[in-house]
Amino acid sequence: ETGVTQTPRHLVMGMTNKKSLKCEQHLGHNAMYWYKQSAKKPLELMFVYSLEERVENNSVPSRFSPECPNSSHLFLHLHTLQPEDSALYLCASSPSDRKSSYEQYFGPGTRLTVT
Amino acid sequence: AQSVSQHNHHVILSEAASLELGCNYSYGGTVNLFWYVQYPGQHLQLLLKYFSGDPLVKGIKGFEAEFIKSKFSFNLRKPSVQWSDTAEYFCAVIGETGRRALTFGSGTRLQVQP
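Line order of the protein sequences matches chains A and B. Take 194 as the starting number for the first sequence in our numbering and just add one per residue. Take 65 as the starting number for the second sequence in our numbering and just add one per residue.
Bound conformation, chain B alone:
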């Protein structure tokens, strides 16, 4: 069975600080990895995704994530956060075989203070 762990449940940063949110997954085979974001009052939307190739993927709004296969990790980063990045961030995984839908982590609530 696949599972996802997000270690930071609530992160508070000041504007211009750097961000790194941890995500570790458990799955024995090839995986595809996603980060979704949920802004206050809005629906979940895709931030970035990894399928194969370059393990450093870039997404929207200056976010990037690095897939480290040996560590089963897919951490999300942004060099300089803005107040508008305040949201909840979800890491998700889907295996190449087996379940057809995403397995999500419990989410990290990011609060950026002006």
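Chain A with its partners taken away, still in its complex shape:
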């Protein structure tokens, strides 16, 4: 499979659960990103990883914890979420975060519902 994949595609969790979202890119890219897409709001950047190092954290609450074990995989660990965290979580990758002209490739997203 090529491109950027995300699992699971749908997730329903209670406020006390712990779950993880997984992203995998098969493009040989060095930078990976997490975005949050809420209804009627612009996509919001959450985290940027470059060569497995977190280079940007966009004021995201600590109940979201990213992990990048290698340049192909990116996780988002979730715990004690709130209902307002329900959204579509998108992963993206690009060849590098250093050159802004590199386009980002997006995965299909994980639709998260917090009950």
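Be careful, since some hints might not be right.
[Claimed, not checked] Which chain B residues stay away from chain A? Per the calculated CB distances, all over 12 Å, these:
{"id": "1", "residue": "Leu77"}
{"id": "2", "residue": "Glu84"}
{"id": "3", "residue": "Gly92"}
{"id": "4", "residue": "Gln109"}
{"id": "5", "residue": "Glu128"}
{"id": "6", "residue": "Glu130"}
{"id": "7", "residue": "Asn139"}
{"id": "8", "residue": "Gln146"}
{"id": "9", "residue": "Thr150"}
[Claimed, not checked] Heads up, simulated DSS-like pairs for lysine-lysine below, C-alpha to C-alpha not over 30 Å straight-line:
{"id": "10", "chain 1": "B", "residue 1": "Lys113", "chain 2": "B", "residue 2": "Lys125"}
{"id": "11", "chain 1": "A", "residue 1": "Lys211", "chain 2": "B", "residue 2": "Lys113"}
{"id": "12", "chain 1": "B", "residue 1": "Lys133", "chain 2": "A", "residue 2": "Lys233"}
{"id": "13", "chain 1": "A", "residue 1": "Lys234", "chain 2": "B", "residue 2": "Lys125"}
{"id": "14", "chain 1": "A", "residue 1": "Lys234", "chain 2": "B", "residue 2": "Lys113"}
{"id": "15", "chain 1": "B", "residue 1": "Lys135", "chain 2": "A", "residue 2": "Lys234"}
{"id": "16", "chain 1": "B", "residue 1": "Lys133", "chain 2": "B", "residue 2": "Lys113"}
{"id": "17", "chain 1": "B", "residue 1": "Lys135", "chain 2": "B", "residue 2": "Lys122"}
{"id": "18", "chain 1": "B", "residue 1": "Lys125", "chain 2": "B", "residue 2": "Lys135"}
{"id": "19", "chain 1": "A", "residue 1": "Lys211", "chain 2": "A", "residue 2": "Lys234"}
{"id": "20", "chain 1": "B", "residue 1": "Lys113", "chain 2": "B", "residue 2": "Lys135"}
{"id": "21", "chain 1": "B", "residue 1": "Lys133", "chain 2": "A", "residue 2": "Lys211"}
Simulated from the structure, these hints should not be mistaken for lab results. All values derive from a computational prediction rather than experimental measurement. Every residue, glycine too, gets a C-beta built ideally from N, C-alpha and C.
Please arrange chain B on chain A, whose structure you already have, making use of the hints.
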């Protein structure tokens, strides 16, 4: 800080009508500009991009966009839309310096009626 405004939130057109979606950005330096499209049930994909050079850029599926630096605009156009163009369209910007990731507009939902 950079920001992007898309003025049309929901556009309804008949097939064969012409399309223009507005996008304005706010950033003090050199920018790179993108239009992404999200078809129903599918992931975001790049429609076209502008880095430098000819301000009129052509993308996939007959779309084009014009960068007007004096107006801080990057409007998306298509002369004749098709039902298959029904989707949500996002304008995005990234500055040459500063943040490493895209800043998106709120999106425009386009509905093309057969």
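Which earlier hints turn out false for this structure, listed by number in ascending order? Violated hints: 4, 11 and 21; rest satisfied.
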